[in-house]
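Work out the full structure: start from the sequences and follow the hints.
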Amino acid sequence: MARFLTSGFPRRKRVIVVAIFAFFIWALLPIESFNPPRRLLNSVMSAGGIELGSSTLPGGVGAMLRYVDPLIGTVNGGHVFPGATLPYGTGGSPSLGNFPLFVHPGCPGDSYLECSYSGATRATERIGNSTVARPGYFSIVLNNSVGYEMTAAMHTTLFRFNIPDQADILSSKGIVVPNSPVLLLDLTDLGRTRRGGEIQVDPESGRMTGSGKFMPSFGHGQYSAYFCADFKGAGIRKTGTFVNTKANETVKGMGRGGSGGSTMPAGSAGGFVQFDRPSESQFLARVGLSFMSVAQACQNAEREIPDFDFGSVVKASEKAWSEKLSVIEVDQAGVNEDLLTTFWSGFYRALLSPQDYTGENPLWNSSEPYFDSFYCIWDSFRAQHPLLTLVDPKEQTRMVRALIDIYKHEGKLPDCRMSFAQGYTQGGSNGDVVLADAFLKNLHEGIDWNLGYEAVVSDAEVEPDDWTSVGRGNLEAWKMYGFIPNDDDDKNHTGPQTRTVSRTVEYAYEDFTIALMARGLGRKDDERKYLERSKNWENVFDPDAKDQYTDAGRGVIGSDFKGFLQPRSRNGEFTYQNMRLCSPVYEMHKCYFDTVYDTYEGSPWLYTFYVPQDMASLILRLGGKEAFIDRLSYFHSSGIIYMGNEQSFLPTYQFHYGGRPGLSSYWLHQYIPGQFNSSINGIPGNDDCAMGAFTTFAFMGFFPVAGQDVYLLTPPLFREVHLQTPSGKRATIRNIGFDPSYKAIYIQKARLNGKPYTKNWITHDFFARGGLLELTLGPKESEWGTRGEDLPPSLSTQATAP
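Just so you know, the sequence shown maps onto residues 11 to 812 in my numbering.
Misleading hints may appear alongside valid ones.
Cut-off 20 Å, straight-line C-alpha distance, at most; resulting in silico cross-link-like pairs (EDC-like, lysine to aspartate or glutamate) [claimed, not checked]: (1) K242 to D286; (2) K489 to E542; (3) K248 to D120; (4) K765 to E784; (5) K635 to E548; (6) K759 to E730; (7) K769 to E793; (8) K769 to E799; (9) K501 to E486; (10) K545 to D535; (11) K329 to E339; (12) K404 to D719; (13) K418 to E378; (14) K572 to E636; (15) K539 to E464; (16) K262 to D240; (17) K418 to D458; (18) K418 to E473; (19) K489 to D475; (20) K556 to E636; (21) K739 to D775; (22) K572 to D554; (23) K790 to D800; (24) K329 to E405; (25) K262 to E214; (26) K404 to E339; (27) K753 to E791; (28) K769 to D719; (29) K534 to E464.
What follows is a list of derived Cβ distance ranges for each label pair [said to hold, decoys possible]: (30) G530 to H230: 27 to 37 Å; (31) P213 to A133: 20 to 30 Å; (32) P736 to D476: 35 to 45 Å.
Since the hints were made in silico from the structure, they are not lab data. For every residue, glycine included, the Cβ atom is placed at its ideal position computed from N, Cα and C.
Pasting the structure below:
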């Protein structure tokens with residue numbers, strides 16, 4: 011979820027992925043509901059030759075793109091970005107969102123001085139229902155009579171501005187102005203964090219070049235970004251610069267190298283070009299960018315979009331998305347369009363981030379890939395990275411190499427990273443789980459696993475001076491007490507001395523995944539050590555903690571469940587945190603980054619279930635399988651769970667561990683389409699690409715236990731799903747007795763490659779090698795997957811998956 015800290019800076023503002031400039035109009039305008047019918051904008055933008063809202067790809071190529079709706083989640087806290095982008099493409103807001111463009115159709119009295127220049131005065135409402143968004147394309151119409159289209163290459167955005175074909179135009183202020191467009195390029199960013207910078211405007215060509223220094227949104231430090239903007243389609247009348255509300259055609263540059271050595275003030279400031287009336291009612295702007303230099307920004311633009319061909323760039327974007335999405339094939343027969351849109355849109359969003367900045371890293375020279383906007387791994391390790399391992403192992407491998415290279419040059423794996431800056435840690439060192447997951451699933455091309463193992467061991471053993479942003483804190487206490495005391499007094503290092511319960515269980519699980527890596531690398535001593543430390547969750551389990559509290563006016567509230575994770579002091583005594591604190595039913599927003607409490611973005615109710623390394627032991631602590639199922643069912647039915655946060659994904663499937671896999675399927679069908687659907691508010695919380703990954707897994711019929719070679723099985727929401735494997739073979743999951751009304755949602759029996767299969771989980775080998783898993787469905791729960799030997803592995807049962 012995206013929230014703001016009480017201290018005034020954002021907890022984890024979403025990196026919303028798009029070509030770096032394409033978000034500017036949508037972000038700066040008043041919010042209104044999206045409802046984009048396909049006919050909209052065709053009359054305004056018909057000169058482009060593109061049927062808006064539909065794919066330009068021929069025949070059946072990229073047919074799934076028609077079901078991708080980037081507007082899902084634009085309200086209700088989804089914080090998605092609906093703009094034009096490529097898979098793992100550049101850009102975002104508010105961590106980025108730099109160098110916005112804005113177009114006036116003309117100025118009062120035909121004087122450029124009379125146009126509005128500052129962000130506050132130029133803001134213009136969009137025309138309702140004018141928004142069109144699809145992979146590689148975004149457009150809106152503003153009430154100043156200008157239509158905006160955007161598409162993207164890897165480091166370059168191409169804009170097409172559509173102006174009515176008439177001599178005089180009605181502006182947004184109700185004033186008739188002559189048709190002579192004025193384009194502004196502002197050096198600000200959407201977070202309004204710019205410091206300094208420069209801009210130059212060429213009076214002949216209109217080319218604008220420049221840069222600025224900006225702050226990341228959920229971290230510290232600053233980054234520099236550079237741009238190069240060129241124009242085509244209309245003659246140039248005037249050029250110049252502006253500061254706040256004032257424009258000047260004499261001053262062609264500001265900042266370093268600017269005319270007269272002028273400085274670059276804060277706030278709205280940039281360049282403008284006034285054009286002749288466009289001969290074909292439209293003109294284009296191509297904006298290249300770089301994190302290295304202006305020269306590289308210009309080279310990127312000229313290489314990626316040499317001819318300003320808008321239609322070709324859209325087609326190339328669609329082709330790139332089609333290739334990424336086509337790794338999954340589904341039998342869509344009987345599935346309604348809303349569900350198809352939910353699935354394909356979720357899969358699309360899961361491929362937006364992190365961003366591939368290879369060749370654009372100003373911090374160090376390296377032959378390794380560089381990815382940025384791991385934003386944050388605390389969110390993405392649970393579902394998104396395991397999904398990428400299946401659907402795009404080549405890129406996931408490059409991401410792992412990038413993480414290890416960051417460790418090599420900066421001394422720690424990131425837990426959150428954006429704009430070349432260290433973000434803030436939210437729990438443990440979750441990059442450890444990402445590396446372990448990739449290691450166990452045999453990603454290896456170009457990966458130095460010895461260095462990768464060194465990186466995760468550093469997290470486990472070496473506490474940084476300041477663990478606000480990297481690594482783990484309170485490690486001395488962790489090793490001494492076997493938990494993080496809530497009264498630990500670490501005078502040698504700096505970091506939030508809170509979140510002791512959630513960090514304890516996260517450290518324990520991260521140590522477990524390190525143990526699995528140690529096993530695979532033949533490091534037996536390390537394996538034993540970290541397996542033992544993975545049991546530390548037990549030390550914050552208070553068997554006497556009760557789910558009850560007194561509320562003024564309502565008396566005693568709660569349930570009869572007993573035994574929860576609780577904070578603990580150095581003397582061994584438990585202290586108290588309300589079991590429901592930071593859940594939807596009790597003070598939900600108390601546990602964000604600046605919290606003073608012992609759990610992060612969730613309640614003790616939620617974190618008590620986080621023992622994926624040893625669910626069998628947890629189940630015993632909670633009273634056995636029947637009591638566990640009762641408790642987990644109550645968690646889902648009582649409103650305590652919040653599906654808008656990633657920690658709730660795994661508990662949706664944890665009925666498998668209690669021998670009731672059918673209940674996992676039942677609750678999935680409550681959340682889809684109840685909370686995950688095709689409406690504009692169809693995501694229950696901040697997406698972070700993880701919500702899309704969760705949806706993708708749910709539709710395909712399995713979910714990963716990240717960091718282990720375990721996928722929990724449920725029936726796909728399609729009759730059949732095919733997943734392309736790296737070997738070229740297909741892994742197929744087929745429902746026998748598929749019911750499009752979803753009354754038959756329970757597995758009765760299963761066959762794997764023609765042989766009976768009774769386990770309610772499966773390993774990565776099925777997806778790596780290919781095969782056929784057939785699931786026979788029925789309307790009631792069955793005995794399938796319920797026996798002890800059919801349950802997912804647990805440490806205490808000595809059945810830990812290799």
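Going through the hints against the structure:
1. Only pairs whose Cα atoms come within 20 Å are accepted, and K242 paired with D286 is accepted, the gap being roughly 11 Å.
2. With a C-alpha separation of about 11 Å, the suggested pair K489 and E542 falls inside the 20 Å cut-off, and the hint holds.
3. Under the criterion of a C-alpha separation no larger than 20 Å, the hint pairing K248 with D120 is consistent with the structure, at around 12 Å.
4. Our distance criterion of 20 Å between C-alpha atoms is met by K765 and E784, whose separation comes to about 10 Å.
5. Restraint check for K635 and E548: satisfied, since their Cα atoms lie roughly 18 Å apart, inside the 20 Å limit.
6. Among the hinted pairs, K759 with E730 is consistent with the structure: their alpha-carbon atoms are about 16 Å apart, no more than 20 Å.
7. A distance of roughly 11 Å separates the Cα atoms of K769 and E793; the hinted pair therefore holds under the 20 Å criterion.
8. For a cut-off of 20 Å, the pair hint linking K769 to E799 stands: about 8 Å separates their Cα positions.
9. For the suggested pair K501 and E486, the alpha carbons sit about 11 Å apart, so the restraint of at most 20 Å is met.
10. Distance hint between K545 and D535 is fulfilled; the C-alpha atoms sit about 16 Å from each other, no more than 20 Å.
11. A hinted pair counts as satisfied when its Cα atoms are at most 20 Å apart, and K329 with E339 qualifies at roughly 16 Å.
12. A C-alpha spacing of about 19 Å is found between K404 and D719, which places the hinted pair at or below 20 Å, so the restraint holds.
13. Restraint check for K418 and E378: satisfied, since their Cα atoms lie roughly 11 Å apart, inside the 20 Å limit.
14. Taking the CA atoms of K572 and E636, the gap is near 14 Å; set against the 20 Å cutoff, the hint holds.
15. Taking the CA atoms of K539 and E464, the gap is near 15 Å; set against the 20 Å cutoff, the hint holds.
16. For the given pair, K262 sits about 15 Å from D240 by alpha-carbon distance, which is consistent with the 20 Å threshold.
17. Pair hint K418 plus D458 holds up; C-alpha atoms about 11 Å apart against a cutoff of 20 Å.
18. For the suggested pair K418 and E473, the alpha carbons sit about 16 Å apart, so the restraint of at most 20 Å is met.
19. Simply put, K489 and D475 have alpha-carbon atoms about 17 Å apart, close enough for the 20 Å limit, and the pair holds.
20. This hinted pair checks out: K556 and E636 have alpha carbons roughly 19 Å apart, not beyond 20 Å.
21. Note on K739 and D775: the hinted pairing holds, with a Cα-Cα distance of about 12 Å set against a maximum of 20 Å.
22. Our distance criterion of 20 Å between C-alpha atoms is met by K572 and D554, whose separation comes to about 6 Å.
23. About 19 Å separates the Cα atoms of K790 and D800, which keeps this hinted pair within 20 Å; it holds.
24. Among the hinted pairs, K329 with E405 is consistent with the structure: their alpha-carbon atoms are about 17 Å apart, no more than 20 Å.
25. Restraint check for K262 and E214: the C-alpha separation of about 11 Å stays at or below 20 Å, so the hint holds.
26. A threshold of 20 Å between alpha carbons decides the hint, and for K404 with E339 the separation of about 19 Å falls inside it, so the pair holds.
27. In summary, the hint linking K753 to E791 is supported, as the alpha carbons are separated by about 11 Å, within the 20 Å threshold.
28. Proposed proximity of K769 and D719 is supported: the alpha carbons are some 14 Å apart, at most 20 Å.
29. With a CA separation close to 15 Å, the supplied pair K534 and E464 stays within the 20 Å bound.
30. For the pair G530 and H230, the supplied restraint of 27 to 37 Å holds, since their beta-carbon distance comes to about 36 Å.
31. At roughly 28 Å, the beta-carbon separation of P213 and A133 lies within the given 20 to 30 Å, and the hint holds.
32. In this structure the hint that P736 and D476 lie 35 to 45 Å apart at CB holds, the actual value being about 40 Å.
Violated hints are absent here; each numbered hint is respected by the structure.
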